[in-house]
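As they're listed, the protein sequences go chains A and B.
Under the working numbering, the letters of the first sequence match residues 1 to 115, in that order.
Under the working numbering, the letters of the second sequence match residues 1 to 112, in that order.
For the record, the hints were derived by calculation from the structure and aren't laboratory data.
Heads up, a few of these hints could be off.
[Claimed, not checked] Think about it this way: if two alpha-carbon atoms lie no more than 27 angstroms apart in a straight line, the pair counts; the simulated DSS-like pairs of lysine-lysine are:
(1) A:62 with B:104
(2) A:83 with B:104
(3) A:83 with B:68
(4) A:11 with A:44
(5) A:83 with A:62
(6) A:78 with B:104
[As the list claims (entries may be wrong)] Label pairs and their in silico Cβ distance ranges:
(7) A:44 with B:42: 33 to 41 angstroms
(8) A:3 with B:13: 40 to 48 angstroms
(9) B:82 with A:40: 22 to 30 angstroms
(10) B:42 with A:113: 18 to 26 angstroms
(11) A:53 with B:28: 20 to 28 angstroms
[As the list claims (entries may be wrong)] These stretches of chain B come out as covered by chain A in the derived footprint (C-beta under 8 angstroms, 3 or more residues):
(12) 16-30
(13) 63-69
For each residue, glycine too, the CB sits at the ideal point set by N, CA and C.
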Amino acid sequence: EAGVAQSPRYKIIEKRQSVAFWCNPISGHATLYWYQQILGQGPKLLIQFQNNGVVDDSQLPKDRFSAERLKGVDSTLKIQPAKLEDSAVYLCASGRGRTNTGELFFGEGSRLTVL
Amino acid sequence: GNSVTQMEGPVTLSEEAFLTINCTYTATGYPSLFWYVQYPGEGLQLLLKATKADDKGSNKGFEATYRKETTSFHLEKGSVQVSDSAVYFCALSENSGYALNFGKGTSLLVTP
Numbered sequence: 001e002a003g004v005a006q007s008p009r010y011k012i013i014e015k016r017q018s019v020a021f022w023c024n025p026i027s028g029h030a031t032l033y034w035y036q037q038i039l040g041q042g043p044k045l046l047i048q049f050q051n052n053g054v055v056d057d058s059q060l061p062k063d064r065f066s067a068e069r070l071k072g073v074d075s076t077l078k079i080q081p082a083k084l085e086d087s088a089v090y091l092c093a094s095g096r097g098r099t100n101t102g103e104l105f106f107g108e109g110s111r112l113t114v115l
Numbered sequence: 001g002n003s004v005t006q007m008e009g010p011v012t013l014s015e016e017a018f019l020t021i022n023c024t025y026t027a028t029g030y031p032s033l034f035w036y037v038q039y040p041g042e043g044l045q046l047l048l049k050a051t052k053a054d055d056k057g058s059n060k061g062f063e064a065t066y067r068k069e070t071t072s073f074h075l076e077k078g079s080v081q082v083s084d085s086a087v088y089f090c091a092l093s094e095n096s097g098y099a100l101n102f103g104k105g106t107s108l109l110v111t112p
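Bound conformation, chain A alone:
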């Protein structure tokens, strides 16, 4: 079974520029999550999708961050304009949905550096 795929693995941009991250979850997984992991901290949820609908985006800074999951499969996370404090690893995870016992499967992450 293929794992969660993310790209790009690394991205360096200047502040006020834009960036987009892509995630391909495990086939058949209904739920998809984007987490932000700042160095030295635990992952923080940004947004959760169930199929192509948003379940929770309460911690997503909507003035600069956006995410979509078209057709209930792949997802993109966009930041525009980026700030210095957005430097972090962006993790995508997927799960089987409400029939599972909570296990999430994570990609390797996309590391963003904002200069």
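Starting from the structure of chain A, add chain B where the hints point.
Same frame as chain A, but now just chain B:
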């Protein structure tokens, strides 16, 4: 709201030493509890889990018991190996299908 607090690292141990990483939680209901591990250069992966009080999760020699009375889920291993060097995250989920809330992580370094 729900939250997880785990002991700060880094933790440095000699090979074959006993490991304990403390984790306590705050939750309004009866969450499921998890330990995830992040090896250098790899993604987060599930180490073990427990879904109700008094359950014990175990994997790769690691164990953790869901203690409702002390709201704890401490991770233990009787004899660590160099290959156990990683960052360990305690997490909770309020319900199946809900997102995980993570602690800050505890870095473990095991020396030969």
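Going through the hints against the structure:
1. Distance check on the hinted pair: residue 62 of chain A and residue 104 of chain B sit about 24 angstroms apart at the alpha-carbon level, within 27 angstroms; holds.
2. At most 27 angstroms may separate the alpha-carbon atoms for a hinted pair to count; residue 83 of chain A and residue 104 of chain B meet this at roughly 23 angstroms.
3. A threshold of 27 angstroms between alpha carbons decides the hint, and for residue 83 of chain A with residue 68 of chain B the separation of about 41 angstroms lies outside it, so the pair is violated.
4. Taking the CA atoms of residue 11 of chain A and residue 44 of chain A, the gap is near 20 angstroms; set against the 27 angstroms cutoff, the hint holds.
5. A C-alpha spacing of about 13 angstroms is found between residue 83 of chain A and residue 62 of chain A, which places the hinted pair at or below 27 angstroms, so the restraint holds.
6. At most 27 angstroms may separate the alpha-carbon atoms for a hinted pair to count; residue 78 of chain A and residue 104 of chain B meet this at roughly 25 angstroms.
7. Distance hint for residue 44 of chain A and residue 42 of chain B: a CB-CB separation of about 20 angstroms, inconsistent with the stated range 33 to 41 angstroms.
8. Evaluation of the 40 to 48 angstroms hint for residue 3 of chain A and residue 13 of chain B yields a failure: the beta carbon distance comes to about 30 angstroms.
9. In this structure the supplied range 22 to 30 angstroms holds for residue 82 of chain B paired with residue 40 of chain A, their Cβ-Cβ distance being about 23 angstroms.
10. For residue 42 of chain B paired with residue 113 of chain A, a C-beta distance near 20 angstroms keeps the hint of 18 to 26 angstroms intact.
11. For residue 53 of chain A and residue 28 of chain B, the hinted distance range of 20 to 28 angstroms is satisfied, since their beta carbons lie about 24 angstroms from each other.
12. Beta-carbon proximity to chain A at under 8 angstroms applies to 0 residues in the region 16-30 of chain B; the threshold of 3 is not reached and the given coverage is violated.
13. Only when three residues or more bring their CB closer than 8 angstroms to a CB of chain A does the claim for the region 63-69 of chain B stand; here the count is 0, and the claim is violated.
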